[in-house]
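**Student:** Protein sequences appear in the order of chains A and B. Throughout, our numbering is defined as the position within the first sequence, counted from one, plus 2. Throughout, our numbering is defined as the position within the second sequence, counted from one, plus 252.
Possibly wrong hints are sitting among the right ones.
Now the in silico label distances, taken between C-beta atoms and shown as ranges [stated by the list, open to error]:
1. A:His-111 to B:Asp-458: 49 to 55 Å
2. B:Glu-386 to A:Asp-99: 56 to 62 Å
3. B:Ile-489 to A:Asp-99: 35 to 41 Å
4. B:Asp-570 to A:His-111: 18 to 24 Å
5. B:Asp-458 to A:Leu-176: 38 to 44 Å
6. A:Met-3 to B:Asp-570: 54 to 60 Å
7. B:Gly-564 to A:Pro-479: 27 to 33 Å
8. B:Phe-498 to A:Glu-51: 55 to 61 Å
9. B:Asn-628 to A:Leu-176: 41 to 47 Å
10. B:Ala-584 to A:Val-162: 46 to 52 Å
11. A:Glu-51 to B:Ser-358: 45 to 51 Å
12. A:Asp-99 to B:Gln-504: 32 to 38 Å
13. A:Gly-342 to B:Val-572: 31 to 37 Å
14. A:Val-162 to B:Gln-504: 24 to 30 Å
Derived by calculation from the structure, the hints in this document are not laboratory data. Glycine included, C-beta positions come from ideal geometry on N, C-alpha and C.
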Amino acid sequence: MPKRTSYDAIVIGGGHNGLVNGAYLAKEGLDTLILEKRHLVGGAAITEELYPGFQFTTFSYALSLLRPDIIQDLDLVSHGFMILPMPHSFAPMENGDYLLTGPDRYLNHREIARHSARDAERLEEYEHLQDMVVQAVKPLMDSIPPNLYSKEPEELARMVALGRHLGSLDHAVLHELVRFLTGSAADILDDYFETDILKGLLASSGIIGSNLGPRSQGSGLVLLYHRMGEYDGLFGTWGFHKGGTGGFTQVLAKAAEAFGAEIVTDAPVAEVVTSNGKATGVMLDDGIELDASIVVSALDPRRTFFELVDRRELPTDLVDSVERMKFTGTAAKVNFALDGLPRYPAMGDREDHFRGFINIAPSMDYIEHAFDEGKYGWYSANPYIDATLQSVVDPDMAPPGKHVMSCFVQYAPYHLRESDWDTERDRFGDIVQATLERFFPGFGDLVLHREIVTPLDIERTVGLTQGDIFAGAFLAPQMYFFRPAPGWNQYRTPIDGYYQCGSGTHPGGGVIGGPGKLAASQIINDRRAAE
Amino acid sequence: MLTTPFHERTSAANETGLWSHWAGHLVVTKYQINEKVEYFALRNAAGVLDTSALFKYRIYGRDAERLLSGVLARDIRKCRPGKAQYTMWCDDRGFLIEDGVVLRTSSDEFLLTSAEPNLAYLESMIGGDQAAVEDITDHYGILAVQGPASRTILSALVPEVEDLSFFALTPAKIGDASVIISRTGYTGDLGYEIWADAADATDVWDAVTAAGTGRGLLPYGSQVMHMARIEAGLLLIDVDYQTSRFAWIDEQRATPIELGYGWMFKRLDRDDRAFVGRGAIERELADGSSRFRLVGLDIDWRSYQRAHLDVGLPPTKDHVPVEWAMMVYDDAKRVIGHASSFLYSPLLQRHIAIARLSPSLAAPGTRVRIEVTINNLNYLVDAATRRLPFFNPARKTA
Ligand SMILES: Cc1cc2nc3c(=O)[nH]c(=O)nc-3n(C[C@H](O)[C@H](O)[C@H](O)COP(=O)(O)OP(=O)(O)OC[C@H]3O[C@@H](n4cnc5c(N)ncnc54)[C@H](O)[C@@H]3O)c2cc1C
């Protein structure tokens, strides 16, 4: 139960973006209340002990995209923020061989050269150019995008500044940027590389969470997005938060509370209360009304515009855009509690290859074939799997000698051609387990417990429409100027005082915090302007 | 080069082939190609460090306490048997010779570690005391077991560790080996140091690493040791100060008070010892004649970031410690001191420095500027002074 009935600001949804948003608002001095439907905050970034002694990252599992400024602004370190490095990437092959990259440039060169000497050299060139592109796009990612439709001088000035920024870029960087934004992952990777295993590994970032194969136009954008993150200043590198992504959202909650925000769980919001086109508060499912002149939805755009408010109060073009917005749940998870470490025969007793991502995608074709099934409404017989064993790096995740294995799996389309996810859940889990058994003989004997998370479960539990992990697909017409809808890309809504800050807003999904932070700055700007 | 009693084990675990020299011994620079792996093992679970290269002295005899009372600036009489003390010794002008940790194993026996040879110096101080000093450097291996999981791991081997308080020590058995375990370290975290007979060292290493299996324990090398000690605000000889013995000019010398250890002399009025440097220290306290103060600097991340972005570079966040002078300025761009240790701390997620500033500018929260090199040019980046240490978890002393 909230302590009071009236606040300056109420944030609906205690996912990481809601927490970030609420923390910034509280830091600004606003009396802020964050309302979370579930018994715990975090949304798609939670850690749960689903099996005694084993901490599962039920949904998201690794961090990189988190905007670094947030760590500083919200003083997260003092509340326990800690990122543990993932120095390796392990890509098993069908023939028992593998590609294992790690922290040493020259060893990586040798390792890749085992497969192709040419690729080994080109990888660094490719990554360097990609980093230049990332550096060029970063300012756009970390600022409120201009409103294309506005004729306000301020917005025109923003457009001019944007044009200037793009005009100032190195020509090769600008062209590469356009290729990423419009092309397919395969277009780009085929230019650089010849080895299947390397291309399979790199292309995987182009399809994460997306209803795309490596050869689909648009997978370039997803590929670039996944390099936009950084860890200690190195682009495209990932880490585990101590205690999983749920450890991270617990830190955020503490930070928000330290700034004075109040967080109430088990408090589903039924609707935003409005009067004369202005938000005046919220009503909880149990009928309790709370007042606030600022109400922020941290939910996805469908819920923000169709569930929390009456769509009849909204302009038709916005309703149409949100109606048309693509939500494409294609990802599922299978999380395992394991009795010991899996064994990859060619690696013997080593375990360094488990200190990072384990990428089951031996080639781009493998992923493309997996996508074929997804495209036609069925889950892949040979799925793409991104697996991690956080307990290898962070021993508190499982009892000594035991492990948790998180497997992010594609393709698992939300809409199944025939049947439904409640019926298919276990069969799907079996396929994933069988795939792992193929690469890690004896895997099945290690399984103590398994937790299957289908797109339907994601939607039911977290509230991400159709289980779309990004709260709106990463398609060019749904990004930047157009996220979540053209003209409504600046966190405001047509209802005065009602704002949006979920992953469906710029810059987008992932455990990134950007939407929460930028929305807060918009709210604060508007408030100052009104004073 | 000499090797330490743990060498067989440290060399087997060293994946990089990189070694450093520490007091004539080979010690591992870093075990893993990515030293952040061992760093976070230390900060998130536990790490073991071979510190056997330190000089070690046994000071014993009826008057051992008297001897040390006269040599050490901090009052050793306050250190009861079964306790340890971080201590300093000065020359007669109050300038620091060295700092180290002394363990009091009984009423008339002490074990002292130091970075430099001190046998002749200590012996020269005996005078008429019934005391003797023995160099036991090679008799023992010392294994530091540090980090939040260190207590859980060690108490599985040695139950006494469970209740060992901060800076306490206990004799113990690890397997067949008789050891001394002290709750001390150089990381600013919960941690212990095990003194084992050189002949037992590898057995002790094996027992500790076995107890740490599945609990995230990894060995860490000297690079991570340096990272951790900067976060912990702990001094390093030849970096944050020079020993008075070999200084050329007084500017190179430092007093305990200047280095931030004035608290050692809070009770000097009730302390009747005659110890080396006492007069000078009293004068410094009375006259406020300290020339500088050692403080922490939090580097302003925005300012650091802007300086890089202005020239088109992503801001570097390099965790390799910079242990040489970086100039510190005031707003008017006057030099007001220098940083002796600088680091991007992956744990704290910011750049930090240990710096010497004029006492008038050392108050916590003072805005200063530090010179960093970006694109081969010098930039002044904003920083704020603060108290040391940077990292000080409650579990360290709890
Ligand atoms: C399976 C999976 C794996 C992923 N893996 C990664 C990864 O490894 N790395 C990464 O960076 N990203 C990953 N992502 C993406 C990332 O987790 C999400 O994009 C991000 O967490 C979304 O955060 P959010 O705060 O915008 O929304 P959400 O996390 O969806 O938060 C919304 C919150 O609102 C609450 N809520 C809903 N309705 C109401 C209501 N009516 N009243 C009150 N509260 C309500 C929900 O319970 C939820 O807590 C993954 C996502 C999924 C689903």
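**Student:** All the hints need checking, so say for each whether the structure fits it.
**Tutor:** How the hints compare with the structure:
{"no.": "1", "hint": "A:His-111 to B:Asp-458: 49 to 55 Å", "in the structure": "36 Å, violated"}
{"no.": "2", "hint": "B:Glu-386 to A:Asp-99: 56 to 62 Å", "in the structure": "59 Å, holds"}
{"no.": "3", "hint": "B:Ile-489 to A:Asp-99: 35 to 41 Å", "in the structure": "51 Å, violated"}
{"no.": "4", "hint": "B:Asp-570 to A:His-111: 18 to 24 Å", "in the structure": "22 Å, holds"}
{"no.": "5", "hint": "B:Asp-458 to A:Leu-176: 38 to 44 Å", "in the structure": "58 Å, violated"}
{"no.": "6", "hint": "A:Met-3 to B:Asp-570: 54 to 60 Å", "in the structure": "49 Å, violated"}
{"no.": "7", "hint": "B:Gly-564 to A:Pro-479: 27 to 33 Å", "in the structure": "31 Å, holds"}
{"no.": "8", "hint": "B:Phe-498 to A:Glu-51: 55 to 61 Å", "in the structure": "57 Å, holds"}
{"no.": "9", "hint": "B:Asn-628 to A:Leu-176: 41 to 47 Å", "in the structure": "27 Å, violated"}
{"no.": "10", "hint": "B:Ala-584 to A:Val-162: 46 to 52 Å", "in the structure": "38 Å, violated"}
{"no.": "11", "hint": "A:Glu-51 to B:Ser-358: 45 to 51 Å", "in the structure": "48 Å, holds"}
{"no.": "12", "hint": "A:Asp-99 to B:Gln-504: 32 to 38 Å", "in the structure": "58 Å, violated"}
{"no.": "13", "hint": "A:Gly-342 to B:Val-572: 31 to 37 Å", "in the structure": "36 Å, holds"}
{"no.": "14", "hint": "A:Val-162 to B:Gln-504: 24 to 30 Å", "in the structure": "57 Å, violated"}
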